[in-house]
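Each protein sequence line maps, in turn, to chains A and B. Quick note on this note's numbering: the first sequence kicks off at 861 and runs consecutively. Quick note on this note's numbering: the second sequence kicks off at 861 and runs consecutively.
Hints listed in this document are in silico derivations from the structure and should not be mistaken for laboratory results. Careful, some of the hints might be misleading.
When chains are identical, the list treats them as one kind, so a pair holds in a single copy or across two.
Under the rule of at most 20 Å between Cα atoms (straight-line distance), these lysine to aspartate or glutamate pairs were calculated in the DMTMM-like manner [said to hold, decoys possible]: (1) Lys1193 / Glu1240; (2) Lys1193 / Asp1453; (3) Lys876 / Asp1115; (4) Lys869 / Glu958; (5) Lys1132 / Glu1436; (6) Lys1006 / Glu1142; (7) Lys1329 / Glu880; (8) Lys1412 / Glu1450; (9) Lys1145 / Asp1371; (10) Lys1116 / Glu918; (11) Lys869 / Asp1453; (12) Lys869 / Glu1104; (13) Lys1006 / Asp1066; (14) Lys1132 / Glu1026; (15) Lys865 / Asp1335; (16) Lys1243 / Asp1099; (17) Lys1341 / Asp1444; (18) Lys1412 / Glu1369; (19) Lys1191 / Glu1369; (20) Lys869 / Asp1335; (21) Lys1116 / Asp862; (22) Lys1134 / Asp936; (23) Lys869 / Glu1362; (24) Lys1409 / Asp1453.
There are 2 protein chains.
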Amino acid sequence: MDHFKVNQKDIFFILKDQLEYGGLCKLDRYRALTEDALDLLVTEAIRFAKGVVAPLNEIGERQGVAFENGRVTCPDEFREVFQSYGRHGWTAAARDSEYGGQGFPHMMRIVINDFMYGACQSFNMAPSLTHGAAHLIESFGTEALKQAFVPRMYDGTFSGTMCLTEPEAGSNLAATQTMAYPEDGDHYRICGNKIFISWGEHDIADNIVHLILARIEGAPAGVKGISLFAVPKYRLNADGSPGEPNDVVCTGIEDKLGVHASPTAALTFGAKNKCIGYLCGEPNKGLAHMFQMMNSARINTGVSGMTLASIAYQNALAYARQRVQGADVAKRKTGSVPIIDHPDVRRMLLWMKAAVDGMRSMIYTAAFWEDLARESNDTETRKHYQALTDFMTPIVKAYCSDTGFRVCETAMQCLGGYGYCRDYPVEQCLRDAKIMSLYEGTNGIQSLDLMGRKMRINNGAPYHAFITKLMSFCDQYKDHKGVGSRVRALASACRAVQHMAEEMTARSESDPLQWASYTFPALLCFGELVMVWRLLDMARIAYGPSLQKGRKNDFFRGKVAQATFFSDITLSHTIERARTCMRDGREIVEIPDTAF
Amino acid sequence: MDHFKVNQKDIFFILKDQLEYGGLCKLDRYRALTEDALDLLVTEAIRFAKGVVAPLNEIGERQGVAFENGRVTCPDEFREVFQSYGRHGWTAAARDSEYGGQGFPHMMRIVINDFMYGACQSFNMAPSLTHGAAHLIESFGTEALKQAFVPRMYDGTFSGTMCLTEPEAGSNLAATQTMAYPEDGDHYRICGNKIFISWGEHDIADNIVHLILARIEGAPAGVKGISLFAVPKYRLNADGSPGEPNDVVCTGIEDKLGVHASPTAALTFGAKNKCIGYLCGEPNKGLAHMFQMMNSARINTGVSGMTLASIAYQNALAYARQRVQGADVAKRKTGSVPIIDHPDVRRMLLWMKAAVDGMRSMIYTAAFWEDLARESNDTETRKHYQALTDFMTPIVKAYCSDTGFRVCETAMQCLGGYGYCRDYPVEQCLRDAKIMSLYEGTNGIQSLDLMGRKMRINNGAPYHAFITKLMSFCDQYKDHKGVGSRVRALASACRAVQHMAEEMTARSESDPLQWASYTFPALLCFGELVMVWRLLDMARIAYGPSLQKGRKNDFFRGKVAQATFFSDITLSHTIERARTCMRDGREIVEIPDTAF
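Chain A on its own, in the form it takes in the complex (with noise of 0.2 Å):
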C-alpha cells in the first residue's frame, strides 16, 4: 500500500510563489544558505520521508507496539529509521550547529514534518517530541545538561518526551501533583504519576529524556509553582552512556483509535524513591519554559492534522482517477466513465483540494513569521511577528485538526464502502488524524486562548497585527480584476469578524459565561478567514498563468478554480456564524443540568 502522495509542485508555489522563503536567507542566521540549498533540503525530505518512513506506516499498523512487564516492543524497523533519522539531520535540522544542529531555517522544521508526519504519523511522534524537549534543554538548561543530552537526542541515540498530564490534571495543569524534592548536588528527587505520555516507553533507542513538569516541595499552588525536569530513563555513566535505571516504570500503554504504532505510556517517577531529575530553568517558571515545546507542539498538530488531510485527499484522488462507475451524467460519454467524472465526487474533490492547499498555506505562512519573530533584526520586526504567531497557534491547531478530519472523512466517502476497509489507507489517515483535535490542549482550550488571552495580551497586539495582516492583503487586492470581487468578500466578512471579537472580548469581562459559549465557533471564524486570505493570494499569483491556454497552465486554474469555490462556500457561512456568537439567547448557560 503506497500510501504516500505529494503534490511537489504544490509545496513549491507555497514555499517560493507565495511565501518567496529564500528570502529568509538575507536574516544574520541563514546567510551562509541560499534558496537553492532550501529547495534541496525539502526535496531531500520527501525523498527521505518517500523512501525511508512511508514503509514504517504499515509495519506499525500490522505490528503495533506490545507492553509487557514494563517494557515497549515496537517494530524494529522503527528503530533503525529512528536512528538513521537523527544521524541524517532530520531532528535538529533548524537547530545551531553547537549541539548538532544543521542550522536552517525554523520554518524548515515545519516543512519537513509535514513529509515525515504524511509519510507515518506514529513514527514521526518520536523525533519530534525529541527535538522539542531537547530543544527545551539547549534553550533554558545549563550547560552540562545540554551537553550531556543534547547532541545525543538531536543524533538519534537516545529519545525526549513532554510529561505533562496526570490523571486528575489533564487539561488543567494547575492541579499538577508530581513532586520534586532537592538534594545534594545537582538534582532533585522526583516522586509522581503521568499519563498520556506519547513515546513515554520504548526500545528505538538508548534512553529516553522526559521533560515533566513537577513542584518542587514547598512551591506555591497552582501554575506558579511549576517546574521543569529533565529525568532519564537511564541515569548516565560517566562518559555519557546510559547506565542503572532512574526508577521510571512504565504501567501501561493505552489501547486507542489510532496512530497504532505510537505507545501511549502511562509513567510512574520514584516508586523506590530513586528516581533523579534535573531542574531545566528557572524554579518556578516550569510552566512557561513548557509553553516553547508546547507551542511548538500546538503547531505540529496542526501540521498533522493537515498532512494526513493531504495523503487522504490524494489517495482519494488516484482512486477516483481509476475507478469507473456509473454513466456520465451529462452524457459526455457513453458507457461507465471514471468516477472523477461524477459532479458530485469532483465537489469533494475541490473541497479537500482548496482544504489541504489553503491550511498548508496557513501553516507555512505561520512558520515563516516564526522564522521572521526569532530571527529579523530589529525588535519591532520580531515583536510584530511574534505577535501574529501568538495568535496563528492555536487557529493553525484547532482549525487544521478539525478540518483535516474533515477532508479524511470526505476521502472515505470518494471511495464508498472500499474507503470503510483497511486495504485501502484512508481509514487509518481518519483515525491518525482524529487524536489532534483533542491532545496538546482540547480545540476548545484553544479557542479559550485565541479568545481569551491573545486578544488581551500586549493590549490585544497579536489580535490587531494579525487584522492589519489581513486587512492590508484586501486593500492591495479589491480592485484585482481575477479575484477583486471575493478579496472584497472576504474584506466584509473580516469586518464582521473583528465586530464579533471585540463584543466577544467586552463581554469576557461582563459576562464570562456567555462569552465562553462560543469561543469555538468565533475560533472557526478567524481560521476561516485565514484559508480564504491564503488561497485568493495564490489564486491573484496563479492569475496570469491561469488564463494562458495549455495544459501547463492547468495547475494555475486549479489554484484560481479552488479559491473562488472556496471562498463563495464559506465566506457567508462565517458571517453567520459570527453573528451567531454574538446572539443573546443563554440556553447553552441556562439550561438546567437535569434538563439534559
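Since the structure of chain A is already known, use the hints to place chain B on it.
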C-alpha cells in the same frame, strides 16, 4: 463498559406527545391494539436491548469474527441471541401473523431497531437484514417459497441477506453480471460473484437465505433485465430442514474500520455450477422488488446513524457530569468543577442533544407516515403519505448518517484524550457510525435521488407534499408566543430552499453537470429544515409546562432550549447554503482533471 444508555422520557415524548402514535390503533390493521400495548412494546424492547443485546457489543468488538476455509466463526453468544431475538418476536414484530409476525405497526420496527442498533450495531444488522429478506419473499415470492423460508427466518432459525454489490457494480446496479439459467422445475441455476455482503456468511443461524439480483439468460441489458432470487446456503430437505450445501462459497471477509462483529463477505455463487435459486417475483422486475428492502435498509441506516449518535451523546453526558477538571469560568463555585459546567462542553452537549432528538423525531415521524401510507383506509391518504415517505427516505439516510457521525465526533471531543481510548465506548460509536454514509447507496447517491427522481416523480408529488406539510406547520404556529419567531425563521428558510429546489430542478435538464455539483448541499438544506421543524414542534408542545417552576419541568425547558438554540445556529446557514446551490460559478465542472 455499560455503553447502552437511553432516555425513555425523550422517546415517549416523541411517540406520545408529538406523534400521538396511539392514533394508529384506529386503523383497521391495528384495531386489536391499544396505546398501552405499544408503550409496553417500547419498554420491553429497551429491556431486551439493554439486557440481552447490549452485552454483545463488547464481546463482538473484542472477539470479532474469524474467516477460515470458507467459514466464518462468530462469538457463541451471537448465535444464542439471534435465535432468542427471533423467538421473542423482535425480528417480525411488525409483520402479519400469517408467517409468524406479531402484527404491530410498521413504525414499531423502526423504534425497536433504534434500541437494538444502539445496543449492538454489528449484531442487529443480522436480524434486520433477515427481516428485510424474509419480507421480500413474503411480498413477492410464491406460496411455496414463503412457506419454506419466511417462518424460519422470522423465528431466528434462518438468517437472510441482500446481495446487490459486485466488484464492478458497486453503486451502479445496471452493471450487474450475476446470471440465472432456467432449469426444469421451479428453480434457476445461479452463477456470479457478490461482494460487501453483510452477514453473508456466519455460524449464528442454521441456514442463510440470500436475496440476490441476477440476470436471467437473455434478459435485456441494464436495470430492466435484473431479477430477484432467493438462494439458500443449504438446500432444504423435504421436511424443510437444511440439507446439502448449495454451492455458495465465502471467499473472504473484509477487514474494516468498524462493525467488527458483522462479517462482510465476498460470495461466489455456483463455482461448481451447483447453485440453485428461486425466482422471487416477476422476471426483470428484480430491482423494483428489491427497492422494498433497499428503502427499508436506507431508513435503517439513518436509524443507526441516529442511535449511535444517541449512545455517544449519552456517554459524553455521563462523563461530563462526573469528570471534575478546571475552575469555573465565572467563579460561581470554588475549586475544580465537573466539566459540564464549562460552557464550551455545555455547548457541545446542547448541540448533541438537539441533533439526536431532532434526528429521532425526524425518523419516527417518517416511520409514522409509512404506516399511514400503508394502512390508511382511503387511497388519497395513502398516496399522500407515500409521497412524504418517498421524499424523506434519502434525507433520513444521508442527513442522519452524516450528522450522526458528527455527533460521535463531538461526543469524543467532550471526553478529551479519554475519548480516543478504547476503554470508553465513544470511539466504537464513531467507527461503527462511519459506514452509514457509505453503504446502502452513498450519501451522494441519496442526494441525486432526492434532487432528481424525488423532485420529479408523479409531477413532483413527494416534494409538494413535503413543502405543504412544512408550510402548514409554519402557518399554524407563526404567532406562537414561545417559538413564533423561530417558526417564522423556519418559514423564511423553507421559502429559500423551495426557490433553490425549483431552480435546481429546472437546471437538472438544462445543465445537468452544474445541477449534480450541488445536489448534496441541497439535501443538507432539506435535512436542516426537517430538523428545525421537528425540534420546534416539540418545543411548542413543551412550551406551557416549561414555564412552570420546579425541577420536574426541566425536561420541558430542555426541549425549548434545544429548539431555539439549534434553530438560531442552523437556519441562516441553511439559507446561505441554498444560495450556494444556485451559484453560477462552474469551478467543479470546469476545473481540468490535471489541475487537481
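Against the structure, the hints come out as follows:
no.	hint	in the structure
1	Lys1193 / Glu1240	neither (61 Å within a copy, 42 Å between copies)
2	Lys1193 / Asp1453	between (59 Å within a copy, 15 Å between copies)
3	Lys876 / Asp1115	neither (42 Å within a copy, 43 Å between copies)
4	Lys869 / Glu958	neither (34 Å within a copy, 67 Å between copies)
5	Lys1132 / Glu1436	neither (58 Å within a copy, 63 Å between copies)
6	Lys1006 / Glu1142	within (15 Å within a copy, 82 Å between copies)
7	Lys1329 / Glu880	within (17 Å within a copy, 58 Å between copies)
8	Lys1412 / Glu1450	between (59 Å within a copy, 16 Å between copies)
9	Lys1145 / Asp1371	neither (31 Å within a copy, 65 Å between copies)
10	Lys1116 / Glu918	both (17 Å within a copy, 15 Å between copies)
11	Lys869 / Asp1453	between (53 Å within a copy, 16 Å between copies)
12	Lys869 / Glu1104	neither (50 Å within a copy, 61 Å between copies)
13	Lys1006 / Asp1066	within (17 Å within a copy, 70 Å between copies)
14	Lys1132 / Glu1026	within (19 Å within a copy, 62 Å between copies)
15	Lys865 / Asp1335	neither (37 Å within a copy, 55 Å between copies)
16	Lys1243 / Asp1099	neither (42 Å within a copy, 88 Å between copies)
17	Lys1341 / Asp1444	between (40 Å within a copy, 18 Å between copies)
18	Lys1412 / Glu1369	neither (55 Å within a copy, 33 Å between copies)
19	Lys1191 / Glu1369	between (61 Å within a copy, 12 Å between copies)
20	Lys869 / Asp1335	neither (29 Å within a copy, 56 Å between copies)
21	Lys1116 / Asp862	between (24 Å within a copy, 19 Å between copies)
22	Lys1134 / Asp936	neither (30 Å within a copy, 49 Å between copies)
23	Lys869 / Glu1362	neither (39 Å within a copy, 42 Å between copies)
24	Lys1409 / Asp1453	between (63 Å within a copy, 15 Å between copies)
Checked against the numbered hints given earlier, this structure breaks hints 1, 3, 4, 5, 9, 12, 15, 16, 18, 20, 22, 23; the rest are met.
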